[in-house]
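Asks: If you want the building blocks of each chain, they are given just below.
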Amino acid sequence: MTCKQAPSAFTLSFLAPGLLIFAALTIFPLGFTLYNSFHNLYLLRPNDLDFVGLANYLDALKDPLFYQSLKNTITFMVFSTAAETVLGLLLAVYVHSLGKKTEYLRFLIVLPNLVPPVTIVLIWQNLLGYNGMTNRIIATFGFEAVNWFMNPKTAMGALIFIDIWQWTPFAFLLFFAALTSVPVNQYEAAKIDGAGPVSSFFHITIPHIQSTLVMVVLLRLIDSFRLFDKVNILTKGGPANATVTITQFIYQRGVGNLRIGYASALSVCMTLIVLLLGIPAILRNFRKEN
Amino acid sequence: MKTKSVVTVLTLMLAVVFSAPCSGQNDGTETLIVAGRGGTHIDGMNAVKAQFEEEYGVKVEILALESADLKQKISLNAGSKTGSYSLIMADDTWMPEFCDADLFTNLEELGVKGDSDFIEAALNLGKFPYATGDLYALPIVGNVQLFFYNKGLFDAQGLTAPESWEEVLEAATAIRSATGKDGYLIRGQQGNPIVSDFLPVLWAMGGSVFTGDWMANVNNDLTKEALSLYIDLLNQGNNLEKNELVEAVSAGNAGMSLGWPSWYISGETSSAAFAPIPTRYNGGSNPAGMIGNWMIGIPANAPDKELAAKFLEFITSSEIQKEMALHGGVPSRKSVYEDPELVARYPHFPAQMSALENSVARPRTPLWSDVENVFGAELSAAVSGLKSIDQALADSEAAINRIMN
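The listed protein sequences derive, respectively, from chains A and B.
Numbering of the first sequence is given in the numbering used here, commencing with residue 58 and proceeding in unit increments.
Numbering of the second sequence is given in the numbering used here, commencing with residue 14 and proceeding in unit increments.
Heads up, some of the hints might be wrong.
Said to hold, decoys possible - What the simulated footprint calls covered on chain B by chain A, stretch by stretch (three residues with Cβ under 8 Å from a Cβ of chain A suffice, anywhere in the stretch; the number is not a length):
1) 77-87
2) 298-310
Unchecked claim - Using 25 Å as the maximum straight-line C-alpha spacing, the simulated SDA-like pairs for lysine to any residue come out as follows:
3) Lys-128(A) - Ile-290(A)
4) Lys-86(B) - Asn-104(A)
5) Lys-119(A) - Lys-86(B)
6) Lys-318(B) - Arg-102(A)
7) Lys-210(A) - Thr-191(A)
8) Lys-255(B) - Val-178(A)
To be clear, the hints were calculated from the coordinates, so they are not data collected in a lab.
No residue lacks a Cβ here, since even glycine has one placed at the ideal position from N, Cα and C.
Generate the whole structure from the sequences, applying the supplied hints.
Replies: Shown next as structure tokens:
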């Protein structure tokens with residue numbers, strides 16, 4: 058016999074504040090953005106609002122900069138997520154293998170992730186700037202200084218490098234926590250059976266931390282898709298649009314040019330892409346839980 | 014019964030939480046809120062506002078916002094029936110867009126006049142249509158680009174401040190070949206930086222971004238020659254971000270660059286020598302110094318326009334501008350630039366006033382920010398070698414015309 062009870066007023070009273078906040082801060086902005094995306098909202102003339110149907114979406118699809126920003130964002134996302142996941146995992150395995158008393162080492166590794174994002178950008182602006190420390194070190198070896206942020210061949214690489222520096226500690230932290238839950242006796246049994254460290258890693262470690270691995274990849278994919286601060290401060294999307302990302306493109310159109318209707322359509326496209334990226338992994342986790 | 018009591022208590026708690034911000038203290042004093050652009054001029058405004066507060070018995074609150082944030086807040090405020098701001102500051106390039114959207118109050122209707130003591134080029138920026146129409150804002154920060162150079166490097170090579178762009182290139186080449194240091198620095202970051210850095214070169218040659226009927230005018234021999242010279246200058250130097258550029262010229266690691274006064278000049282000292290931007294090229298001469306003023310006006314939906322007009326007259330008056338100049342303000346009035354006490358203290362004032370009087374305004378179209386985006390991206394592609402000069406300018410012309418049509 059199934060027993061389904063309607064929630065009582067008491068239960069609802071506890072849920073109400075959370076639901077209200079959720080509706081006000083998530084549902085309403087999403088709905089409002091969707092509404093604006095079908096209108097020609099220009100921030101300086103909010104009352105001259107006309108329904109334009111899919112025109113904003115069609116404009117986006119016809120805009121070469123939209124594709125350029127999408128390509129740049131995907132490049133950034135793939136390389137930064139891959140590097141952060143691999144490096145985070147390797148660091149976690151190494152530190153975990155050291156046994157106990159690694160608190161200070163862990164703290165040092167996590168440190169970059171504790172620094173505010175804008176501070177990180179300013180630190181690296183100084184380090185990778187033309188007159189920065191990196192070029193001074195390069196010069197001592199007799200090489201020519203590199204204009205990291207102004208050269209189309211190096212600008213995106215520099216942004217990816219800074220992101221890896223900032224976010225590898227985050228991956229490390231999650232992997233380290235997951236590694237502590239892997240039963241030690243399985244490694245001992247594998248060792249008795251003649252398995253080497255590589256074999257143990259792929260047959261014991263990876264299966265045990267699989268859900269963490271999926272979560273790290275998913276979180277980093279979604280977060281790196283929203284890249285904005287580094288681009289806006291360090292390159293402004295240049296040189297020659299080589300680093301313009303979707304969020305920076307939306308910011309440029311929405312905040313810079315005040316075309317909220319068009320920027321809303323771009324934001325809806327971006328949300329759909331992030332959902333497409335996230336849904337398979339989320340569904341997979343739900344199925345596993347059920 | 015128990016459930017009802019809990020629900021009642023929770024509801025009351027929520028009501029208290031949500032009503033808390035509304036019960037703030039209010040001593041009844043009227044507050045005049047100015048949405049401003051952060052910078053040293055805000056220090057100047059804050060330093061003098063007490064006189065106005067005392068005279069009119071009001072409180073003046075000046076917000077120091079970052080440029081993009083200020084534009085967004087002003088625009089959001091425009092949608093309200095009664096706005097939050099009594100006065101707003103605006104970059105002069107925003108004026109056509111804001112006036113076109115009826116965002117400002119016509120100052121003449123409030124009895125505010127732009128007197129002849131204001132530098133004409135600065136005052137024109139506040140009129141809509143440009144220079145000929147009614148007055149909607151007054152200049153409060155009289156910025157203009159100058160030519161900065163490292164005197165040590167120039168003296169070592171026996172060079173003097175160049176007056177033509179050919180001399181700029183010669184000086185850059187001389188410094189580069191003699192010292193190995195960067196002769197000339199461009200500010201080639203995509204968007205506003207590279208456009209602001211390139212336009213003075215184009216203007217000196219007699220070029221312009223638009224024709225008289227607002228069609229793009231960049232795919233022609235003159236603009237190609239200007240961009241070619243700009244790239245020649247880059248080849249004798251480097252392409253740096255603003256802070257690095259200022260540091261390099263100031264420290265003697267580079268010969269020269271264009272820049273806004275506040276980058277190099279702080280109070281009474283300048284970290285580099287300066288002169289008006291060269292206006293001559295190939296025997297001809299055209300004004301080339303870019304004007305970049307911050308304007309102040311009264312929004313159409315300002316809460317108390319009469320009082321706001323009084324503050325506007327107060328803050329842009331000659332007497333107050335003199336006081337503000339002592340706290341880092343950049344004047345827009347002749348009488349302030351010519352004040353003997355201030356000239357003795359700030360030796361750059363005569364050069365800055367001369368540059369302001371002979372300055373050029375960026376194109377007065379409401380679509381300038383869009384144009385700047387696409388033109389800046391194409392210029393960036395040309396200086397970084399991704400596109401040829403011909404291709405970049407042909408693409409610029411097509412993109413600008415798409416925006417304008």
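Asks: Could you run down the list of hints and mark each one as holding or not?
Replies: Structure-based check of each hint:
no.	hint	verdict
1	77-87	holds (count 3)
2	298-310	violated (count 0)
3	Lys-128(A) - Ile-290(A)	20 Å, holds
4	Lys-86(B) - Asn-104(A)	17 Å, holds
5	Lys-119(A) - Lys-86(B)	30 Å, violated
6	Lys-318(B) - Arg-102(A)	21 Å, holds
7	Lys-210(A) - Thr-191(A)	17 Å, holds
8	Lys-255(B) - Val-178(A)	16 Å, holds
Of the hints listed earlier, those the structure fails to meet are numbers 2, 5, in rising order.
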